[in-house]
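Please build the complete structure, drawing on both the sequences and the hints.
Residues 2 to 457, numbered by this note's numbering, are exactly what the sequence shown covers, in order.
By construction, these hints were calculated from the structure, which means they are not laboratory data. Predicted, not measured: the structure shown is a model, and the values here were computed from it. Some clues are possibly wrong.
[To be verified] Subject to a maximum C-alpha distance of 25 Å in a straight line, what follows is the list of computed BS3-like cross-link-like pairs (lysine-lysine): (1) 31 x 396; (2) 31 x 75; (3) 49 x 396; (4) 49 x 75; (5) 206 x 236; (6) 31 x 49.
[As the list claims (entries may be wrong)] What follows is a list of derived Cβ distance ranges for each label pair: (7) 78 x 262: 42 to 52 Å; (8) 263 x 194: 27 to 37 Å; (9) 206 x 184: 29 to 39 Å; (10) 10 x 286: 55 to 65 Å; (11) 399 x 210: 54 to 64 Å.
Note that the Cβ used here is the ideal one computed from N, Cα and C, for glycine as well.
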Amino acid sequence: MSVYINQRIIEIPINLERPDLIRQIESYLKHELDISWPSVPIRLAVTKSDSRRWTCELGVSTAESLNQGPEIFKFRPCAHEDASSFNVVMLVPTGIGAMVGGHAGDATPAATLMASVCDTLITHPNVLNASDIIQIPPNALYVEGSLITQLMMGSIGLRRARNNRLLVLVQSHEESMFPNAAINSVNAARASYGLNADVVEINPKFRMISEYTPSGGAAGRIDGIEHVFDILDTKAGEYGAIAVTSVIELPRELHQNYYRLVDELVNPWGGVEAMLTHALSLRYGLPSAHAPMFESREISEMDLGVVDPRMAAEVISVAFLQCVLRGLQRSPGVSLWSEVSPASDIQSENVSCLVIPDGCIGLPTLAALANGIPVIAVRGNTNQMRNDLSILPWKANQLFQVENYLEAAGVVSSLRVGLNPWSTTRPLESAQVERVCHDGMQHTKEVSRSSVQAQL
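Below you can see the structure in the form of structure tokens.
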């Protein structure tokens, strides 16, 4: 039986006066739309919202075995905040056309800045991958997106790894030069930085097709993923991370148009790649990442000229794989919640704040909202999402909307040392005074509009 992964568009009624937003989404999907096996949710993005209704793009799979892994809506509230270290989760969701991080590793400078003002930065391949280039800050963890979601939801912990053994799946191809380029990338990594990896060929019947969603984001369809599952099942226990390189099908003209219309077209490859890695990491509980493979020699030989700097890493590469290999080499392993060791594992209690492009609502944002974790939303990182984060039921001083990542780093630094970030800005607001009047048995409450100077 062929297994496929695709995208569904779903309208969900939301009551913002209730705090259980995750439960509302889960209940609607399970009971109103009967989203259960053989359609298992693997990825959720809210693309447009108001105070009553949310438009969601839901990645679903027909793979029965995905039901055996963690459910993406399973939420465990934080028991407490662990203030012994300051750890930042930085996300730039894949396939949303982010101005910073929507192309080829162009969010790496912002990630390096975030890493400099925290103890540990937890981020994902879309932020750091730049084909043959990758710069991972020493205190950063390279974590597949669905695993970060599970971390934020409280269902797993992350355990640091020294040198993962990789299983590298290389799709066979009519032009042998492309699989050969991938194998040469693996061997180069073995020779130059001691990568521990094995290579297995994938059946070409496994197909990844890029498509755009109604919101303008990138997603797609995956057919025949059971061919990948069959290989991984036979190798269970022999590897600590999964790298895949395969063709992503899209029209030839889109290759050229994307590089010419950098601010008009969303990167067409990343969305379907995220759907694949979410499925793999959910099923196997392992870090995973994907690198695209050229469809033909004709496409590989196109002269694109001098391109936008954000895309330059792609046009100088043939295999696109080196960043994936380097990133997965030390990508942390997964501890199920029942196995988490507070002494060595990072869990949701250790997450100090979340940094996202403004307007992005997904499970990590909703988990942070529910747990009272500060969220820093960067307005300057414009994208396809059409959400007003300010209407969500945040606690006081939980949402910080800033213009750019320089300002975001300032907020992170303030939170790290225990300052209210707004105490450094002017004008300085005065503290409001609440006066409660008692008149015999009758109790009335009056909030004075006058205020006193804040004592800082």
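Structure versus earlier hints - violations, ascending order: Hints 1, 9, 10, 11 contradicted; others consistent.
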